[in-house]
Amino acid sequence: MRLIARIDRGLCRGVSLAAQWLLFSAVAAGFYQVLARFVLESPSAWSEAWTRASIIWAVMLGVALAFRQGAMLGVDLLHNLLSGARARCLEHLVLLIVVGFLGFLVWVGGQMTWRVRFQTMPSLDASISWVYLAIPVGAALSLAAVLAYWAEGPRRQHIDNI
1 MRLIARIDRG LCRGVSLAAQ WLLFSAVAAG FYQVLARFVL ESPSAWSEAW
51 TRASIIWAVM LGVALAFRQG AMLGVDLLHN LLSGARARCL EHLVLLIVVG
101 FLGFLVWVGG QMTWRVRFQT MPSLDASISW VYLAIPVGAA LSLAAVLAYW
151 AEGPRRQHID NI
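Numbering of the sequence shown is given in my numbering, commencing with residue 1 and proceeding in unit increments.
Since the hints were made in silico from the structure, they are not lab data. Just so it is clear, CB atoms sit at the ideal spot from N, CA and C, and this is done for glycine as well. Hints may contain errors.
What the hints assert, rightly or not - Listed next, with one range per pair, are the computed distances between beta-carbon atoms:
no., residue 1, residue 2, range
1, Gly10, Gly153, 37 to 47 angstroms
2, Ala45, Arg115, 21 to 31 angstroms
3, Ser127, Leu90, 40 to 50 angstroms
4, Ala45, Asn80, 16 to 26 angstroms
5, Leu96, Trp130, 28 to 38 angstroms
6, Phe118, Arg37, 28 to 38 angstroms
7, Met72, Val39, 38 to 48 angstroms
8, Leu35, Ala126, 40 to 50 angstroms
Construct the entire structure; sequences and hints are all you get.
This is the structure:
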């Protein structure tokens, strides 16, 4: 069990660092694009494509981190109206729906990535499938995060409305 917890922490740390780096590179490329266009009067061809691609990757990786914390799984209004066993049943239902959706997203994202593998982004001289790959990778990481969150069991107790 400790090994799984260490893998989980390491994976979350790696995903977080990658998302932060991608977000930083998007900001730097966007800043360079504005500087090149309006100050140097020589627009950059690659910076817009890189900014867009890195933001897409950062968002998909960030979603996995949010799922791992349970931040995107709340149905608070309904959860607060239910008591103990019913509230936990609602949590299981929500998690089951999310797992199904993320599994579907992995499959569809993989299909999309495969279909566009021969299309290129001229400004980066790279396959656009690298951008599309963010969908199945982010969804697979999110799926693993949701399953890890689910395996931990309930995190909060029901608070009765006074």
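Hints versus structure:
no. : hint                                  : in the structure
1   : Gly10 with Gly153: 37 to 47 angstroms : violated (22 angstroms)
2   : Ala45 with Arg115: 21 to 31 angstroms : holds (25 angstroms)
3   : Ser127 with Leu90: 40 to 50 angstroms : holds (43 angstroms)
4   : Ala45 with Asn80: 16 to 26 angstroms  : violated (52 angstroms)
5   : Leu96 with Trp130: 28 to 38 angstroms : holds (32 angstroms)
6   : Phe118 with Arg37: 28 to 38 angstroms : holds (31 angstroms)
7   : Met72 with Val39: 38 to 48 angstroms  : holds (40 angstroms)
8   : Leu35 with Ala126: 40 to 50 angstroms : violated (23 angstroms)
Hint violations for this structure: numbers 1, 4 and 8, all remaining hints satisfied.
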